[in-house]
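K.L.:
For reference, the chains in residue letters:
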Amino acid sequence: MVSRREFLKTLLVYAAILSMSNLPVKADKTVELASEHVKRVMKGEEDPVHVIWIQGQSCSGDSVALLNAVDPSIVDVLIGQVQGVPPVELDYHPTLMPQWGVDHISEEAGSLARGWDANKIIDDVIDGKYDPYVLVVEGAIPNETTAQKTGGYWCSIGESRGKTYLMEPYLRLLAARAAAVVAIGTCASFGGIPHGKPNPTSTRGVYDVLGHGWKSSLGVPVVNVPGCPAGGDWQVKAIAHLLLTVKGLLPVPELNKYNMPVFLYGQTTHELCPRGVYFGLGKFSEKYGQPLCMFSLGCKGPISNCPINRTGFVEGVGRCTEYGSVCIGCTMPDFPDEPYAPFLKELPTILLPPTKPKPEVIKTNLTAVGAAAIAGAAVGGGIAYFVGARMGKKPKSEEEEKEGGE
Amino acid sequence: MKEEKEVSPIFQSVEKNLQIIIDPITRIEGHMALHVVMDAEKRKISDAHSYATMFRGFEIILEGRDPPDSIFINQRICGVCPVPHAYAAALANDMALNASPPPLATVIRDLTDEAEILYDHPIHLFQLAGPDYSQAVVSKFNSNWIDAAKDYTCEFKDVHGCATIAELMEALNPLSGRLYLYTLKMERHARKLASLLGAKHPHVNTFVPGGVSRTWNANEAEETLSMVFALAGFSKLVVTVWEDMCRFLYDIGYEMVGARPANLLAYGTLDDPEVYDGKYENMTEFGNKRLFPPGVVDKGELITHDLTEIHLGVREFVDHSYYKMWSQEFTKDPIGNPLDAHHPWNKETIPNPVSRSWDGKYSWGMCIRWYDRSGEKHVVEVGPLARIYVSALAGLTNFDSPYSAIKTGGGRVRISLPVTRSELLPSQLWDPMEFEWRVPSFSIGGIAHVNTIERLRARAYNHAYYAACALLNALQMITYMGKGKTEVWTKFERPGFSMGVGLNEAARGALGHWIVVKNGRIHRYQVITPTAWNISPLDPDGEHGPVEQAEIDSPVTESNDPSNWVGVDAMRVVRSYDPCLACTVHMYSGGRLIKKQRFSPISG
Numbered sequence: 001m002v003s004r005r006e007f008l009k010t011l012l013v014y015a016a017i018l019s020m021s022n023l024p025v026k027a028d029k030t031v032e033l034a035s036e037h038v039k040r041v042m043k044g045e046e047d048p049v050h051v052i053w054i055q056g057q058s059c060s061g062d063s064v065a066l067l068n069a070v071d072p073s074i075v076d077v078l079i080g081q082v083q084g085v086p087p088v089e090l091d092y093h094p095t096l097m098p099q100w101g102v103d104h105i106s107e108e109a110g111s112l113a114r115g116w117d118a119n120k121i122i123d124d125v126i127d128g129k130y131d132p133y134v135l136v137v138e139g140a141i142p143n144e145t146t147a148q149k150t151g152g153y154w155c156s157i158g159e160s161r162g163k164t165y166l167m168e169p170y171l172r173l174l175a176a177r178a179a180a181v182v183a184i185g186t187c188a189s190f191g192g193i194p195h196g197k198p199n200p201t202s203t204r205g206v207y208d209v210l211g212h213g214w215k216s217s218l219g220v221p222v223v224n225v226p227g228c229p230a231g232g233d234w235q236v237k238a239i240a241h242l243l244l245t246v247k248g249l250l251p252v253p254e255l256n257k258y259n260m261p262v263f264l265y266g267q268t269t270h271e272l273c274p275r276g277v278y279f280g281l282g283k284f285s286e287k288y289g290q291p292l293c294m295f296s297l298g299c300k301g302p303i304s305n306c307p308i309n310r311t312g313f314v315e316g317v318g319r320c321t322e323y324g325s326v327c328i329g330c331t332m333p334d335f336p337d338e339p340y341a342p343f344l345k346e347l348p349t350i351l352l353p354p355t356k357p358k359p360e361v362i363k364t365n366l367t368a369v370g371a372a373a374i375a376g377a378a379v380g381g382g383i384a385y386f387v388g389a390r391m392g393k394k395p396k397s398e399e400e401e402k403e404g405g406e
Numbered sequence: 001m002k003e004e005k006e007v008s009p010i011f012q013s014v015e016k017n018l019q020i021i022i023d024p025i026t027r028i029e030g031h032m033a034l035h036v037v038m039d040a041e042k043r044k045i046s047d048a049h050s051y052a053t054m055f056r057g058f059e060i061i062l063e064g065r066d067p068p069d070s071i072f073i074n075q076r077i078c079g080v081c082p083v084p085h086a087y088a089a090a091l092a093n094d095m096a097l098n099a100s101p102p103p104l105a106t107v108i109r110d111l112t113d114e115a116e117i118l119y120d121h122p123i124h125l126f127q128l129a130g131p132d133y134s135q136a137v138v139s140k141f142n143s144n145w146i147d148a149a150k151d152y153t154c155e156f157k158d159v160h161g162c163a164t165i166a167e168l169m170e171a172l173n174p175l176s177g178r179l180y181l182y183t184l185k186m187e188r189h190a191r192k193l194a195s196l197l198g199a200k201h202p203h204v205n206t207f208v209p210g211g212v213s214r215t216w217n218a219n220e221a222e223e224t225l226s227m228v229f230a231l232a233g234f235s236k237l238v239v240t241v242w243e244d245m246c247r248f249l250y251d252i253g254y255e256m257v258g259a260r261p262a263n264l265l266a267y268g269t270l271d272d273p274e275v276y277d278g279k280y281e282n283m284t285e286f287g288n289k290r291l292f293p294p295g296v297v298d299k300g301e302l303i304t305h306d307l308t309e310i311h312l313g314v315r316e317f318v319d320h321s322y323y324k325m326w327s328q329e330f331t332k333d334p335i336g337n338p339l340d341a342h343h344p345w346n347k348e349t350i351p352n353p354v355s356r357s358w359d360g361k362y363s364w365g366m367c368i369r370w371y372d373r374s375g376e377k378h379v380v381e382v383g384p385l386a387r388i389y390v391s392a393l394a395g396l397t398n399f400d401s402p403y404s405a406i407k408t409g410g411g412r413v414r415i416s417l418p419v420t421r422s423e424l425l426p427s428q429l430w431d432p433m434e435f436e437w438r439v440p441s442f443s444i445g446g447i448a449h450v451n452t453i454e455r456l457r458a459r460a461y462n463h464a465y466y467a468a469c470a471l472l473n474a475l476q477m478i479t480y481m482g483k484g485k486t487e488v489w490t491k492f493e494r495p496g497f498s499m500g501v502g503l504n505e506a507a508r509g510a511l512g513h514w515i516v517v518k519n520g521r522i523h524r525y526q527v528i529t530p531t532a533w534n535i536s537p538l539d540p541d542g543e544h545g546p547v548e549q550a551e552i553d554s555p556v557t558e559s560n561d562p563s564n565w566v567g568v569d570a571m572r573v574v575r576s577y578d579p580c581l582a583c584t585v586h587m588y589s590g591g592r593l594i595k596k597q598r599f600s601p602i603s604g
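Protein chains in written order, with my numbering: chain A, 1 to 406; chain B, 1 to 604.
Keep in mind that the hints were calculated from the coordinates and are not lab data. In this text the structure is predicted, and so the values were computed from the model without any measurement.
In silico DSS-like cross-links for lysine-lysine, where the CA-CA straight-line distance does not exceed 30 Å:
| # | chain 1 | residue 1 | chain 2 | residue 2 |
| --- | --- | --- | --- | --- |
| 1 | A | K197 | B | K324 |
| 2 | A | K345 | B | K279 |
| 3 | B | K140 | A | K163 |
| 4 | B | K377 | B | K44 |
| 5 | A | K283 | B | K483 |
| 6 | A | K129 | B | K140 |
| 7 | B | K44 | A | K163 |
| 8 | A | K149 | A | K197 |
| 9 | B | K299 | B | K377 |
| 10 | A | K283 | B | K485 |
| 11 | B | K377 | B | K324 |
| 12 | A | K287 | B | K279 |
| 13 | B | K483 | B | K279 |
| 14 | A | K287 | B | K491 |
| 15 | B | K485 | B | K279 |
| 16 | B | K289 | A | K287 |
| 17 | A | K345 | B | K518 |
Extracted from the complex, chain B is given alone in its bound form (with noise of 0.2 Å):
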């Protein structure tokens, strides 16, 4: 307190404006903060920043390690998405250890990741991000909208049970609202499921270089079509849900908080049994015929689908992070094509901690950005939205399963879920459904653009996607299984040197993990994590991150008077990317962290 005044000259120059400091961030996974300036009178963010406050060390805690380890630490990275890291780390070992895992290892690592997002989903929409939207808090900070959410029909009151929308904000209030209390009871039972393919969850302990380790028979196959009937069901309500919301806040004029231009990326997950082998010079046509394909969107438009390519695009940059520049180790990859010196197979994790300053280095996250082949920059996003997104747009995925069907092309996402009778299940969420995605019309200055609302719709309708994805996965371990194709493991090998990368998708977005072998140990390792892409600090030419520029300029609707104003917005802008710090901090390692400038640590 003492020392604000002379240690904070950044807030000098805005003083007339409400400045907060939001710490700690709750209802996200891990430790962040944000620094938000509002503007009172014209009720705009008019500049933010976002931080973490924890770290760990994993990159340096992995090196030295024999590689299949990094499958059961890695995961550790994060208790809300451990799959995809898993899933993430056995695809670079399938490639650094030259194992192609057999057909049903494959559907069986699709199962367990899907069993997540049809957890992980869910508990933001309920039980993080839900209750901003709650009758709970919106009667507290927006009350001028509870009029307007009692005359609100909802269109869907059939399926979930909420005549209004001032209901169903009644129903997602935390502990006593029906939906909040019922999705608990839904999303544990998805928890179940990949317990059943995974040995546990969170952190599961199957995944192995080459494979699964699950021992696999009659029993588990009929536990798993059961419960993924009833998952599929209950995508029912989680759609169904937030469409209603979504399209209440369009209809109150929410669409400007958390806008951006409509620029995405997708690594792209769930890989075809038959056509996935874990080779590096295979992996553009693995990654066509992932059940979410790879992309890039700019400004609305899909600019390639091509994994190879878009993995050469990443680059990592810390001129505005607490790190050191690397020296540059690899000029190839495996198969030649040119590697640069800021893509993660080079890099090295070297960190510097210095005083925070707002023009100069101010996080712990490094700065992600993707460069096209003629070298252009693009600041992406990464997340449901961009996944459902790149898949509506590349058309790559049609299917039409006995159980299941997807059909995806110009814009649209169309996804039919089956029959889905089950006593966990209100018969309302019984009968066959078809919902349909549409690329969003929301547009500023001729722009395609996302915003919060687009977030939280996209992540819904992902639900249902995953769902008629793992219907399809689980007929084809059936028919695996009837075929005697019940294989699980390839064996694989400690090579004196190799290389491996895993691109996939986590339930916040594109996740890559970056292995180099040698002498059979680890010598390198790096993770790239969605959070990381989307809380991005400047770039080397002054551009905002994703986050950052989703909060700049978005409108503060509160109701109560600027002294009582929380930042509700904000956090719905932050939430809305659904953060995972834990995820984002693990890279931290080293000497110290910063002295914070304003405050002293108190001492121990």
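Extracted from the complex, chain A is given alone in its bound form (with noise of 0.2 Å):
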């Protein structure tokens, strides 16, 4: 258990960090907000933040992943591990909550059963009986305008008392009184699989939905958490963030173009790669299982950003090209189609980042590869060696192309 001191500690530490840092917050003001309110804590006067987890076109998988993160773990955060940060409660999740929805339609039901209907969470939330609280999105939303032309619906969260709880504009409702809302996961941030070519449900994330401009009441825009799934670790550790901003006690967290906190999604998967090495010295796996680079067998390492290569999965445990599997870009907002996609074919070279990036050669790559193709290059620099490399390989012919792994 860390002490009290400890807590303070950590926090003036933290705001150092920040203070190095062209962020909008003043360090000291943060040490002051800090303080008061451990101090407002310590006297239990501090209410409580909620989440509250709602799931649209989603596989769970980000769910299981939260349960991978420690120091803190998701129980550490919700039974008050760390003393001193605001106490936080979660309300909704449908996948860990005791509650399931009870809708008696043959008469009225009793007050206990009312009271165990999950979707009154919902309506209480909207009420504004859960102020102040942090809204998470798992999963892709459909759009329902177009299913309502034919008079159906793409994806329900529940029902009760005559209403069916539609995933879009229940995301609208629930986000307008949220002081902040984070995605998590690749489909909530950007569409995910759901909205690979031909997207059979027109199918965006979050921020598509809400406007990539929105900010939330406390003028927080929409933080995207990207990965399938993201790493429990950096789920917890970008809500814990947001938990922190709602007090007051930390800035926005700074975010890239994707609104990707740039603290988790800096630099690439090829910058962090232990084999990255291999890429400038020209040594490449020609099978999988070799411990080379894996760029010719299919990585997309180089136009991905993800931090799975410094902070592992579980435990410091996985990691995708250091292990030998090759980077398939599931960070970003383009996956599961081009350029990431065929996974295990190479990359054209044209699509590698530049070797020393000057805005406008960025900006005429961007038109050609797609959007995502190059943030990580913009934000790491670095790869000088990368492109050099790869110059002496001939060009393969159709024969070699339709073989296997290549």
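Put the two chains together into one complex, using the hints given.
P.N.:
Written out as structure tokens, the structure is:
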């Protein structure tokens, strides 16, 4: 258990780090807020922050990955491991909550049954009974107007007292009062697999639905935490950051052009890859299982922003390219389409980030490649050796192209 | 609300009964709802319909893509059980792209699959279904059980540390119970093993046609061994907790809840690295060498364990689902056996969204049935109970390794787990233990039946079974490495035309992937998930699917006044199947969904 003194120290260190970056809130102000806040929490005067977690077109993979987090784990957060951090209550989460939907349709239900209805929580959130709350969204949000034209719907999250709780309108309703909105996973961030061509349900990410310029009542934009799924540690750290933002302890995290927090997604898989050096040396694996650079076998690490090679996935274990698999770009807006697919075919050299990124060069490539591809290079740089190593390789014939693994 | 009276003719005929819509069904994977009619006088469920409330359209998205992409895309059908999807897709790709994996690759695939089950079964037992048996829920809705629970002594209290069932129920309480919290940690350890093998989990990255892409050496082997032993120790806790809980549930008379005849199906899983070659013509042979063998059980009797026969007997029907019948493309399988028009290799997904009617079309789930050689239909349920039941009757799995042993046959499965010393485990779990699972003696009218309790119990014993298999595979891994057989991949092709099938077992039952390749690209892809079998709607003969069969006539045990009934028994039945709705709704695609009869969707 972390003592109060240690916790204060941590916040002070954090504040000092922040003072070195160009963030809107001054460090001394942060320290002041933190101290006041901790005093209030210690006196029991601080209200909890609620978390409302809804799922659209999801596979629950992010919820499972959430349970991978440690230091703190999600349970640590919920049971108040670190004293002084705002108390957190997870009031609605379809995979974990005890309640379920209860709708007596033949006669009026008793108060016990009504109180057990999961949908009542959603109603109460919209009525302001759970302020302040952070809305967490998992899964893509299909465009209901395309379904309503023919009298149907794509995705409902509940049904009670004559109402169908459709994902898209309820996202808007729940976002309206939210102190902050977090999109967890690539589906909620950008549409993910369900929006893969030909996107049968016209599905989108949260900030596509709310608008890229949308801000919460506290002035926080939608924060995207992509990944298929997003690592549990990334999720908890992003959500914890926003909880502290909601309490005025930390500024809004710095976001890149796709609203991904830079402290998590500032570098590409390739930049963080222990095998990256083999790229510069021109040493490439020719068969799966070999310990060299995986570029020739399909790795999309150079054009994918992802921290997995730094953080691991479960307690530091699990790193895609270090372990020998190819990066498939699962954190990126254009996943699972080109240029990330086909996953086991080599990325055309023309799509590689430029050696020394200049704004105009990036712009040219962006139109050719698709917006997502180059983001990593723009942020990171420092891959000067990258293209040179590929120059000597001769173009492949069609026969070779058809063969496995190439 | 306003529309309720005019558009609910279905409900009028049963208006004396208590009707409840349960939406969302929580603590399962995905979006599912249930309509139940409960007879308040007889305290029984008199009618039930389950339906899905979300779709995505995976099969449309797959068409035209590079075949290996299906391994990566399809496991994203389900974030709870991605590895069996990756494995089944890899099996289908091995076959279609003509690549037999080296033995070490099959061992690594098996271990990845086992790692997943070692987390997946406990998360169901302790975090998803478990709360239904916790003090928090029982004291609210079955308060009359509490006294009995206080008096009921746990037989395995020395192992799991709970002296009575009341203590056990307290240990299951969400977010505060000792077992709820401890199991989360061990489940994470299993996903850590899956991440070690698969680069990450959920959604492993290392399965490719012809093997795996994992770079494998002594470092990985040592970590795997360490983690597998700790997880095998964890199995001892999982089995003893649920053995005690299941005995208590029988004692209070819960056996009729979710009862249906013992008609079961399993494809089997965990291939033998020496036998598996990905060739369709050898499917019967490698099927019988699986650590979980394939099989079909009819009223408690095993009627086949031939994977080729089981495969050819799979049929899909859409009479009560929002689809149109397709036209037959193939009349024979790759080795000349006749192929039915309703077989998945022939299937094309043609959505046909119409108004819901319990008599007509009412589900986006397809009806899946199995036909034997004589043409007789079987309504079968799949899952861990089917898996262990088949294994106990088939008697094909028998091994005695220095790490673990399994002996099957005569309706019994005996599982031996070794000494498991680990700082992750309380010392009560260190001693070697042997468990025996027996075919349930529960029967109605002389016919062998299964029920909610047996589904829970079988899931716990499956955990120990998989742990024993993981120990065997870990030993095989070391042996291959010692012999220098360290290859993990065989080069694959992209042929002009080919067909592939991958049949295995997800945590919740039989899983099948079917691929047809044309011009080196995916021409057609079909997936039949375990939950699709289980929540099947009515078939062409008007017979209910397994979950509906289990719900109908199931007793209501709630202790409150009917106005405060919440359907907790119906929930326990549904959850005993561990449904996975993202899995089941993956295949729905097309122009629109049904308009619900009673409820007008609110406008955005």
